[in-house]
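Got chain B; can you put chain G on it based on the hints?
There are 2 protein chains.
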Amino acid sequence: MAMPINELLTDENIEEQAWRALEQSILYYQGRPIGTVAAYDVSVEALNYDQCFVRDFVSSALIFLIKGRTDIVRNFLEETLKLQPKERELDAYKPGRGLIPASFKVVSVNGQEHLEADFGEHAIARVTPVDSCLWWIILLRAYIVATKDYSIAYEPEFQNGIRLIMEICLANRFDMYPTLLVPDGACMIDRRMGIYGHPLELQVLFYAALRAAREMLICKGNQDIVAAIDNRLPLLCAHIRQHYWIDINRLNTIYRFKSEEYGKAAVNLFNIYVDSLPYYELDKWLPIKGGYLAGNVGPSQLDTRFFALGNLMAIISDLATEEQSQAIMTLIEEQWDDLMGDMPMKICFPALENEEYRIVTGCDPKNIPWSYHNAGSWPVLMWMFAAASVKTNKIGLARKAIEIAKVRLSEDEWPEYYDGKKGRLIGKQARKYQTWTIAGFLLAKELMDNPIYLSLVSFDELSPEVISRACEFEIGSVDPFLSH
Amino acid sequence: MAMPINELLTDENIEEQAWRALEQSILYYQGRPIGTVAAYDVSVEALNYDQCFVRDFVSSALIFLIKGRTDIVRNFLEETLKLQPKERELDAYKPGRGLIPASFKVVSVNGQEHLEADFGEHAIARVTPVDSCLWWIILLRAYIVATKDYSIAYEPEFQNGIRLIMEICLANRFDMYPTLLVPDGACMIDRRMGIYGHPLELQVLFYAALRAAREMLICKGNQDIVAAIDNRLPLLCAHIRQHYWIDINRLNTIYRFKSEEYGKAAVNLFNIYVDSLPYYELDKWLPIKGGYLAGNVGPSQLDTRFFALGNLMAIISDLATEEQSQAIMTLIEEQWDDLMGDMPMKICFPALENEEYRIVTGCDPKNIPWSYHNAGSWPVLMWMFAAASVKTNKIGLARKAIEIAKVRLSEDEWPEYYDGKKGRLIGKQARKYQTWTIAGFLLAKELMDNPIYLSLVSFDELSPEVISRACEFEIGSVDPFLSH
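Respectively, the protein sequence lines represent chains B and G.
In short: position in the first sequence from 1, add 676, done, that's our numbering.
In short: position in the second sequence from 1, add 676, done, that's our numbering.
Source of the hints: derived by calculation from the structure; they are not laboratory data.
Everything numeric in this text was worked out from a predicted model, so none of it was measured.
Don't take each hint at face value.
Just so you know, same-sequence chains aren't split out, so a pair can sit in one copy or run between any two.
Okay, derived cross-link-like pairs now, DSS-like style, lysine-lysine, Cα gap no bigger than 30 Å in a straight line [claimed, not checked]:
| no. | residue 1 | residue 2 |
| --- | --- | --- |
| 1 | Lys-770 | Lys-1076 |
| 2 | Lys-1070 | Lys-762 |
| 3 | Lys-1098 | Lys-960 |
| 4 | Lys-762 | Lys-896 |
| 5 | Lys-940 | Lys-781 |
| 6 | Lys-1108 | Lys-940 |
| 7 | Lys-824 | Lys-1070 |
| 8 | Lys-824 | Lys-1082 |
| 9 | Lys-1082 | Lys-1070 |
| 10 | Lys-770 | Lys-940 |
For reference, chain B alone in the conformation it holds in the complex:
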């Protein structure tokens, strides 16, 4: 049966509409395109939506790279690099050396344009954007993959920028894990949500940034950093694969954990008390062959919420094993109603409700249950889902998601997020024409249609050569979680 002509048109129209909106969001600085504004919604006050957010720009950047508009991305990388603090700051209220701002905007003074960066000092609740510097490195590497031109990374300014980011990530610290210790709300979830300590999202981005930096750093003069990366990578990888993983077998193990174990031989390393877990819910929810990476792990803490960005990027970056990646996709497929519903896809699941909402979010009215960060639905995540689908050969799932989303997104004028258990309510405070919703949609389509573009953001298996360099450390405990 032939497809009705008006539906065909609609499909094309939606993409055309998206492209037009994306074009409109491009931010110019001194005559050159350098990014995209967060939202181009003329119906409401701009607040900070007239800024270019680093994490938001990633989806625009990737679709620009695919479409050959590499100049915008190059300009973005060059300008944000200039905003990175290069000197050690004595003033504790200033951003640390190496950080990349959360966002920037073009400010005009006496006809002279300049960029104003925000490292969190303007942000609501003054949260620090730890993810920005990690995304910046991931994006720089994507630019190189797209252009096949390594020269940008070899420029001294870029080598220095990469090095400074690695230095702040690998700095001497109080922690004794391969993971990064961060404050609450330091990533896409930029409000208090119980993701202090060692949240999955930042560990996965950290892993991808380490992989990218390792590819781009010139060894000469950076031997110390390269050695530190080579040692950290396998430990971080094994740590996440082992301690963050949840499936029914692992849940069975945790369920019978002894607590209060003292000494190196402890099995319940983090002293998790089973009563703190919703094990009865998970017993029902976890498919036999499904699994996922937990949201956070710390002392007596195993956050069993499912976080989409961390799990999807773990697949894409090869941080999850092949088996774990398949299990994550199986979980999403089997729990489609919960995780995708009527608008792909939930930023996390389930929502914090009642007292837990009150205590963990600090009564945040924007993060009420099943809204915004607290289990709202974020269309931008669709590009990561598409990429993960390509990587795991489950492309049919991504097609299904896009089919669900496309007409509504267009009709609803590309809101940033949706609320409710099924995602059928337009986000209570969502802007329309939110750039990363638009770019994420276009990027998802592109990744499905041309799986080759997965290479922009994906990594191959961690080479055994790198792994072997870490053998002298904890290879005994690392080994079983690296080999498959």
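Just chain G, lined up with the frame of chain B:
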């Protein structure tokens, strides 16, 4: 009326008994006394109570210094300094350069004694002891005050040790506050208790350690660290005095906070939602002239629990203003039943109960409401209370506390902690003959009887000269909180 002779005897007997027990707790290494074991309770298995914990030893060390037994303290400082990692560790599971272990023990292999350090890798839940390196510096300075011999600090090994601790504390980091970002349970409360991020206890110890390090570091060769300390001190001081302070005026301000403020002019800097505070309880509990420093401040987080160690050490170290110090003592006096009860003094108040206990502690059975860290009573805190009483000229309060505690402590054989709202239950899992209970009691008595010893741990007002060096930074916002 003459004091009955048996009561007089009892008083002396208690002290004698305490001294005997303290002597018995001394740990020897290669024939030299180097510390005290955590508890000398022959009735139960030692587990890790046969170790010398750095934070526990502080009270023993101070009483030894007062009594002229300075050799033990010197040996302790020298031996723990040797345990400090001096090189950058590539293995992420190893303690960072500069850290001082949580504890150590003497191990004998083939008749050869050596020390085995624990940086948290043996500990239950693998918590990192951030406080150890801070206490170590504070104790080194106390040794110098007691002996009037600066030469130990000037030894190259000690200069290097101080420098390394300062380096890890002042390292480049993600945070944009003068405070230290730490994992949960990194101090005396070494289990999950919602004290992740920027808990008061560690900020106060950080402040005292900065002050102590500033006195002891030779400027030559350490100009960078000294400059960093000089800049951090006034910012940290003003930050705590401003953002952690709670009294009825401040509560009124917070109660009418607007939320979701964007930009540098925001008044509700951390975006606190009033619904997250027990403002109705505080309205009743806060005396007109009383106040205290909050337990923790972060994005949408103001932990209004009262934590004793942080508040008392803030008085002693001069981190609290004179006015704030008086207000803290007033609060303790007016809420004596809650904070002192029948066994001084509560480690924090009030307890986390019901859902809040479940969620914040991760269902920790040792930290059930009104037990152990969760609002249990810890006699060791009495020495800090005595010191704070001396500093604020409220010595009568300390006498009252000692009177309450002494007979029970002796009769109960010096348990580590007490449970219940009034502290009348011996701690559910408390050891007897816990060294810091014993030493804390002796130290409290000594501080009251000879107020001059306060100088071992106290600091004078931060000199205007140091403050002025930071003027170039945020003095506009700092100023009103430094002048009293």
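Of the hints given before, which are not true for this structure?
-> Numbers 1, 2 and 8, in rising order.
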